[in-house]
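Protein chains in written order, with our numbering: chain A, 1 to 289; chain B, 1 to 364; chain C, 1 to 358.
No lab work stands behind these hints, which were simulated from the structure alone. Glycine included, each C-beta is placed from N, C-alpha and C at the ideal position. Incorrect hints may have been included.
As the list claims (entries may be wrong) - In silico DSS-like pairs for lysine-lysine, Cα to Cα no more than 30 angstroms straight-line:
1) B:129 - A:276
2) B:74 - A:97
3) A:276 - B:107
4) C:48 - C:293
5) B:74 - B:113
6) C:200 - A:41
7) C:48 - C:274
8) B:74 - A:94
9) C:145 - A:234
10) C:112 - C:97
11) C:293 - C:112
12) C:161 - A:234
Said to hold, decoys possible - Okay, the calculated bits of chain C under chain A, using three or more residues with CB under 8 angstroms as the criterion:
13) 53–66
14) 211–224
To be verified - Among chain A residues calculated to face chain C with C-beta under 10 angstroms, some are:
15) 65
16) 124
17) 129
18) 131
19) 229
20) 233
21) 235
22) 242
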Amino acid sequence: MLRSDTGKLSLILLMTPFLLWIVLLILLPQLGITFVSLREKIGPRQYEFGFGNYIAFIQEPIYWNTLLRTAWMSILVTVMSLFVGFPIAFYIAKIAKRRSRVGLFLLCLIPLWVSDLVRAFGWIVLLRETGLISGALQYVGLINGPVEMLYNDVTVVIGLVYTVVLFMIVPLVSTLDGMDNAMLEAGYNLGGNRLTVFRRIIVPYAMPGIVSGCIIVFMLTAGSYLTPILLGGKNSMWFTEMIYDQFITRYNWEAGAAFGVLLLGFTSLVIWLGLKLTGQNLASTVARD
Amino acid sequence: MFDLECENIIKRFGAFTAVDGVSLEIPSGSFFSILGPSGCGKTTLMRMIAGFETPNRGDIRLKGKSVVNTPPNKRNVKMVFQHLALFPMMNVGENIAYGLRCRGENKTEITAKVAAMLDRISMPGVQEKQISQLSGGQKQRIAIARCMVLNPDVLLLDEPLGALDLKLREHMKIELKQLQGRFDTTFLYITHDQSEALVMSDNVAVMNAGRFEQIGAPETLYHAPKTAFVAGFVGDSNRWNGIAMMADGDHARVVVADGLEMVVPIGGARPEVGGQVEVFVRPEAMQILAQDADISTAGMNTIEGTVDSLLFNGAASRVLVRTATGLLIEIVHRMDAGQVRVKPGDAVKVGWTHGAGLCFGEGG
Amino acid sequence: MKLLGSKLLATAAVCIAVSTSASSAETLRLLTWGSYAPDEIIKLFEEKYPDIQVEVTFSNNEEMVAKLRATGGAGFDLAQPSHDRIFAVQQEYGIYKPLDLSKIDTSMMEPKLLEGVKANTTIDGQVYAVPHQWGTSGLMADVSKAPDLKSWSDLCDPQYKGRTSMRLKRTILLGTAFAMGEDPFAAYSDLGKYQTILDKVADKLIACKDNLKTYWTGGDDLSNLMLSGEVVASETWDSTAYKLFAQNPNIHFIPPTTGALAWIDTFAIPAKGKADDAAYKWINFVLQPEMVKLMSASTGSLAAVKGAKDLLPDAQRAAVNAAFTDKDIDNLKFFANIPPGVEDMEGKTLERIKAATN
Numbered sequence: 001m002l003r004s005d006t007g008k009l010s011l012i013l014l015m016t017p018f019l020l021w022i023v024l025l026i027l028l029p030q031l032g033i034t035f036v037s038l039r040e041k042i043g044p045r046q047y048e049f050g051f052g053n054y055i056a057f058i059q060e061p062i063y064w065n066t067l068l069r070t071a072w073m074s075i076l077v078t079v080m081s082l083f084v085g086f087p088i089a090f091y092i093a094k095i096a097k098r099r100s101r102v103g104l105f106l107l108c109l110i111p112l113w114v115s116d117l118v119r120a121f122g123w124i125v126l127l128r129e130t131g132l133i134s135g136a137l138q139y140v141g142l143i144n145g146p147v148e149m150l151y152n153d154v155t156v157v158i159g160l161v162y163t164v165v166l167f168m169i170v171p172l173v174s175t176l177d178g179m180d181n182a183m184l185e186a187g188y189n190l191g192g193n194r195l196t197v198f199r200r201i202i203v204p205y206a207m208p209g210i211v212s213g214c215i216i217v218f219m220l221t222a223g224s225y226l227t228p229i230l231l232g233g234k235n236s237m238w239f240t241e242m243i244y245d246q247f248i249t250r251y252n253w254e255a256g257a258a259f260g261v262l263l264l265g266f267t268s269l270v271i272w273l274g275l276k277l278t279g280q281n282l283a284s285t286v287a288r289d
Numbered sequence: 001m002f003d004l005e006c007e008n009i010i011k012r013f014g015a016f017t018a019v020d021g022v023s024l025e026i027p028s029g030s031f032f033s034i035l036g037p038s039g040c041g042k043t044t045l046m047r048m049i050a051g052f053e054t055p056n057r058g059d060i061r062l063k064g065k066s067v068v069n070t071p072p073n074k075r076n077v078k079m080v081f082q083h084l085a086l087f088p089m090m091n092v093g094e095n096i097a098y099g100l101r102c103r104g105e106n107k108t109e110i111t112a113k114v115a116a117m118l119d120r121i122s123m124p125g126v127q128e129k130q131i132s133q134l135s136g137g138q139k140q141r142i143a144i145a146r147c148m149v150l151n152p153d154v155l156l157l158d159e160p161l162g163a164l165d166l167k168l169r170e171h172m173k174i175e176l177k178q179l180q181g182r183f184d185t186t187f188l189y190i191t192h193d194q195s196e197a198l199v200m201s202d203n204v205a206v207m208n209a210g211r212f213e214q215i216g217a218p219e220t221l222y223h224a225p226k227t228a229f230v231a232g233f234v235g236d237s238n239r240w241n242g243i244a245m246m247a248d249g250d251h252a253r254v255v256v257a258d259g260l261e262m263v264v265p266i267g268g269a270r271p272e273v274g275g276q277v278e279v280f281v282r283p284e285a286m287q288i289l290a291q292d293a294d295i296s297t298a299g300m301n302t303i304e305g306t307v308d309s310l311l312f313n314g315a316a317s318r319v320l321v322r323t324a325t326g327l328l329i330e331i332v333h334r335m336d337a338g339q340v341r342v343k344p345g346d347a348v349k350v351g352w353t354h355g356a357g358l359c360f361g362e363g364g
Numbered sequence: 001m002k003l004l005g006s007k008l009l010a011t012a013a014v015c016i017a018v019s020t021s022a023s024s025a026e027t028l029r030l031l032t033w034g035s036y037a038p039d040e041i042i043k044l045f046e047e048k049y050p051d052i053q054v055e056v057t058f059s060n061n062e063e064m065v066a067k068l069r070a071t072g073g074a075g076f077d078l079a080q081p082s083h084d085r086i087f088a089v090q091q092e093y094g095i096y097k098p099l100d101l102s103k104i105d106t107s108m109m110e111p112k113l114l115e116g117v118k119a120n121t122t123i124d125g126q127v128y129a130v131p132h133q134w135g136t137s138g139l140m141a142d143v144s145k146a147p148d149l150k151s152w153s154d155l156c157d158p159q160y161k162g163r164t165s166m167r168l169k170r171t172i173l174l175g176t177a178f179a180m181g182e183d184p185f186a187a188y189s190d191l192g193k194y195q196t197i198l199d200k201v202a203d204k205l206i207a208c209k210d211n212l213k214t215y216w217t218g219g220d221d222l223s224n225l226m227l228s229g230e231v232v233a234s235e236t237w238d239s240t241a242y243k244l245f246a247q248n249p250n251i252h253f254i255p256p257t258t259g260a261l262a263w264i265d266t267f268a269i270p271a272k273g274k275a276d277d278a279a280y281k282w283i284n285f286v287l288q289p290e291m292v293k294l295m296s297a298s299t300g301s302l303a304a305v306k307g308a309k310d311l312l313p314d315a316q317r318a319a320v321n322a323a324f325t326d327k328d329i330d331n332l333k334f335f336a337n338i339p340p341g342v343e344d345m346e347g348k349t350l351e352r353i354k355a356a357t358n
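Produce the entire structure from the sequences given, and follow the hints as far as they go.
Written as C-alpha cells, this is what we have:
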C-alpha cells in the first residue's frame, strides 16, 4: 500500500515539470494565439468571432506568396543542410580518430555560443561591398571593382544553412555513432559497392537522424527572423517578418495571430507531406527497436 | 586444389608487425581454424583475406587466383562478423537477399533462393521477421545464411560464438560443424577458445605473436604439440619449469622445483644438459595411487602429496594434490567410476608413466 | 515562436511588476528610446531622490505601444512615444492616463511645441502628453559625392544608383507623398483619397527599389553604410546625421525642399502606472537646463525647452546650424495624429513595396 503510494508520488513528481511545460508554455499560448486569431476587429474595442483574418490572408497574394516562398526556401535550406551536414557528421562519427572526435564536435557547437544577431553581422562584415571578401578578391586581382554580395536570396540561403547546419549535424552524429563499423564492412563483404553500401545501409541506418535533423532544421529556418532579414536586406521576404509587422507596427494582433497559426499549420503540413513522401514516420524517429 | 592459400604474409602497423610471415593452405570443403590468444594477429589475417586490409608482403590466392589487388566486394570470400553485423533496418528476407541484389539477380530468383536457404537452415518462412525478434542462435544462422546464399569459395567466421551463453555456445559448435558439412564449403574459423577449435575443425593453426606455431589435426596438436606454446595453449596441462639433467634418445631426465625428479619424452629440439626446460603433463595422464597399495612403480614418475580439494565435474572431475614443496597438481580422477576414494587431507602418491608428458627446451 | 516569446515576456514582466511593486522602495519604470535615459542623469536623479530607483527599458514607438497594449497599460510608470502615437492609440486601447499639468513645470517648455502636443493629445478635455525631445526626419548626403540632393525623390535619381538608402517605414511614404506634390496629412480626413496617394507613392517607391542599396533598419546600420561610403545619400533622422557630421564633415543633414518631417517625443503615463509622483519628478528633473544639456548630448536631438539650441553641445550646434536655416524651420511638417485604420493602410503599402521585385 505504502509502496504504491510512494510510486504514485514519484510519478506525479516526475510528470509535473513535463506537464507544466507542455500546458503553460506550449498549449496555453498556442490556444491563446488561436483564440486571438479568430477575433475580427469591427471598430475601436469591438470584436466579433469569425474567420475574417484567415480570409484576409487568402485574399492577399503578398501574404500567401511570402508563406510559400518561406516554405520553399526553408525546404531548400533543409536539403542543403543535409548535403553539407551529412559528410561532416559521417567524418566526425566514423572517420575521425576517437580523440579528435570530441574536439571536432565541440568545434561544430562553437557558433552556438554566439547569438544569431552576431553571426548575421559576421556574415555582413564578410560579404558587404566594402567587406573582407570583396576586398580580398580585389586585392588578388580577380575582380576590378567592389562587389556587393549581400541582399540576395543566395546569401540568405547560405547564411541560413550556416546557422542551422549544426542542428542537422548533431542528430546525425549521434545516430551514425551508434552504427557498428562491421555493418559497413559486411555491406562490402556481401558484394556491395560504395553506392549500394551508402544507399542501402548508411542512409537507412541514419534515417532517424536524418528525419529528426530535417524537421528541426526546417522548423528553425521557417521560424527564423534575424538572418533572412539582415542578409536579405531590401529583397528579404520572410513570413516571420510579416507576423512581426502585424503585431508590432500595425497593432494588428488578430491578423498576426492568424499568421502565426498559419505558419505553424503550414510547416506542420510540409513536414507531414515530407514524411509521407519518403515513407517515414515520426514514431520510428523517436524510438527505434 | 586448395580453396585458400596464403603465402608468407606480412602485415605491419607502424613499427608493430601484426602478421609475420604466415603461410597456410586450406583444402576444399574442410573446416579450418586459427587458434590463438587475443592480439596474436589472427583477426588481422582474416581481415586481409576478406580484403579490409592489404598485406605488406605475400600473396593470398582463392581457388588458385591471387586476390591481393581485388577489392573486398569483388572477392568470393564471405564473412560472419564477431557481432554478426546483421542489418537492423532490413527484415530477415532482405538481409539474406542483400548480396543477391548487389549481384543484380532478378527478383523471382532472389525470392526463391532466400526461401530455399531458410529451409536449409531450418528456419522456413521467417522472411518478414525483424532481426530484433530473433534469438541469439537464430541470428547466428541468419548471418551464415546471408553469406552462404552467395556460394562463397571460403566462409570466414570471426569468433561468432563469443557473444553467446555457454549452453548455446556448446550447441552452436555442433550445429556449425553440421552446417559446414551440409554446405560442403570451406570454413575458416577464428577463435581464442581451444575447445571450439578442437571440436569443430579438420585442421587447426595455432597462432602466436604473428606467427603460426603449428598446423595440424586437433589430435596431433593435442598429443604431439611441437612447441611449448602449443602444448600450453591446446588442452589443459600441469606445467613446471625445470632443469634438464640428462638427455638421451627421446627422453630427458628433468629436475623441477626442489628436487622432484622425473623422466619425460622430449618434444621439439633436444634440450641442452643443464639448460632450462618446461615440462607439460596432461591431467588425464596421471593417476592417484593408493598410499598403501603395493603397485610397481617401475617405468613411472611418482610424486607424494596431500589431497587439497576435489573438483567434481562429471566426466571431467579432478583432484588437486599439493606436494610437500607446494606445487599444485591437477589430476583427472573419477571416484564415481570406481577409482580410489580420497578426501581432502589424505596423503597420496601421484604417478604417471615415463611415456606421458613432454618437455621443451628454452625457445623450443 | 518569437511572438509567443514576447507575449510570455510581457506576461512575465507583469508578474515581476506585481511582485516588485509590493516592496517598499519606489521604482520608476521607464519605457523609452535608446538614448533617452543616460546613466549620468539616472545617477543624479537617484542621488536627489534616494528612495526612487530607476529601471529603464529601451524600445521604439511601435514596441512601446505593443508592450503597453499587452498588459493594458501596466508594467511601466512613464513612457515616451512620439506625439502622433497617443490619440488614436488611447481611443483604441486606453493604455495611458490623463496628466495632471499642475504637477509639471510647463513654464520651461517651448510654448509652440507644448501647445502643439496638447492639441494633438487632448481627449475629452484631458491632456495625455507633454513634449520632451523633438527632431526631424529628412535627408542625409555625403556632399562630396552627392552634392545636389534636395528632395525626397532625389533618392531615386539614377545617378546615385545602388548608392542610396531609406528605412521602409511610414516616414518615407509621407516624404515621398510631399515630394509628389500631395499633402498626406490633409488627406487623413478622407481615407479614400489617402489610399490613392499611397498607391501613387507605392508605384514610385517600387520603381525606385532598384536604385537603392538596401533599406536600413536602425541608426547603427545607417551609420555603417554612410561611413563606409557604400551609401552616399539616405533618408535619415537628423540626430544620426549630426553624429556622423562629427566623424565626417562631408556628411550633412539636408532638410528636403518640401520640408523636413518633425516629430516630438513626449512624456505619457501608462494607464496602470504605479509611481505617478516619481514620474512627474523625473519629468521636471530632466527639464532643468543642466539636465537638458546632458540629455541632448546623449540623444542628439533638441529638447522641447526654451532656448534649447543654446543647450546643445558645441559640435552638435554647429551641425544644426549647418543644416537648418530659419526658413527650413518654418517649413517643418509636424507628423499629424494617425487616425485609426491608417496604420493598416500604410502597413499594406509597405508590404507591397517590400514584396515587389523588378
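Hints versus structure:
For the given pair, residue 129 of chain B sits about 24 angstroms from residue 276 of chain A by alpha-carbon distance, which is consistent with the 30 angstroms threshold. The straight-line distance between the Cα atoms of residue 74 of chain B and residue 97 of chain A is roughly 28 angstroms, inside the 30 angstroms bound, and the hint therefore holds. For the suggested pair residue 276 of chain A and residue 107 of chain B, the alpha carbons sit about 26 angstroms apart, so the restraint of at most 30 angstroms is met. For the hint linking residue 48 of chain C to residue 293 of chain C, the alpha-carbon distance of about 18 angstroms falls within 30 angstroms, and the restraint holds.
Distance restraint check for residue 74 of chain B and residue 113 of chain B: the Cα-Cα separation of roughly 21 angstroms lies within the 30 angstroms cut-off, and the hinted pair is therefore satisfied. For a cut-off of 30 angstroms, the pair hint linking residue 200 of chain C to residue 41 of chain A stands: about 28 angstroms separates their Cα positions. Annotation: proposed proximity of residue 48 of chain C to residue 274 of chain C holds, straight-line Cα distance about 20 angstroms (limit 30 angstroms). With a C-alpha separation of about 23 angstroms, the suggested pair residue 74 of chain B and residue 94 of chain A falls inside the 30 angstroms cut-off, and the hint holds.
The suggested pairing of residue 145 of chain C with residue 234 of chain A holds, with an alpha-carbon distance near 23 angstroms, which does not exceed 30 angstroms. Of the pairs offered as hints, the one joining residue 112 of chain C and residue 97 of chain C holds, with about 23 angstroms between alpha carbons and a cut-off of 30 angstroms not exceeded. For the suggested pair residue 293 of chain C and residue 112 of chain C, the alpha carbons sit about 20 angstroms apart, so the restraint of at most 30 angstroms is met. Taken as a hint, the residue 161 of chain C and residue 234 of chain A pair is honoured in the structure, with Cα atoms around 14 angstroms apart against an allowance of 30 angstroms.
Given as covered by chain A, the segment 53–66 of chain C passes the check, having 4 residues with a CB less than 8 angstroms from a CB of that chain where 3 are the minimum. Look at the segment 211–224 of chain C against chain A: 5 of its residues bring a Cβ nearer than 8 angstroms to a Cβ of that chain, three or more, so the hint holds. About 7 angstroms separates the beta-carbon of residue 65 of chain A from the nearest beta-carbon of chain C, less than 10 angstroms, and the hint is met. A distance limit of 10 angstroms between C-beta atoms decides the matter here; for residue 124 of chain A the minimum to chain C is near 9 angstroms, and the interface restraint holds.
Because the closest C-beta pair between residue 129 of chain A and chain C is about 5 angstroms apart, less than 10 angstroms, the hint holds. The closest approach between the C-beta of residue 131 of chain A and any C-beta of chain C is roughly 9 angstroms, which is under the 10 angstroms cut-off, so the hint is satisfied. Hint status for residue 229 of chain A: holds, given a least beta-carbon distance of 8 angstroms to chain C, under 10 angstroms. Evaluation of the residue 233 of chain A hint against chain C yields a held restraint, the C-beta minimum of about 4 angstroms falling below 10 angstroms.
Residue-level restraint check for residue 235 of chain A holds (minimum Cβ-Cβ distance to chain C is 7 angstroms; threshold 10 angstroms). Annotation: interface hint on residue 242 of chain A holds; nearest CB of chain C at approximately 7 angstroms, less than 10 angstroms.
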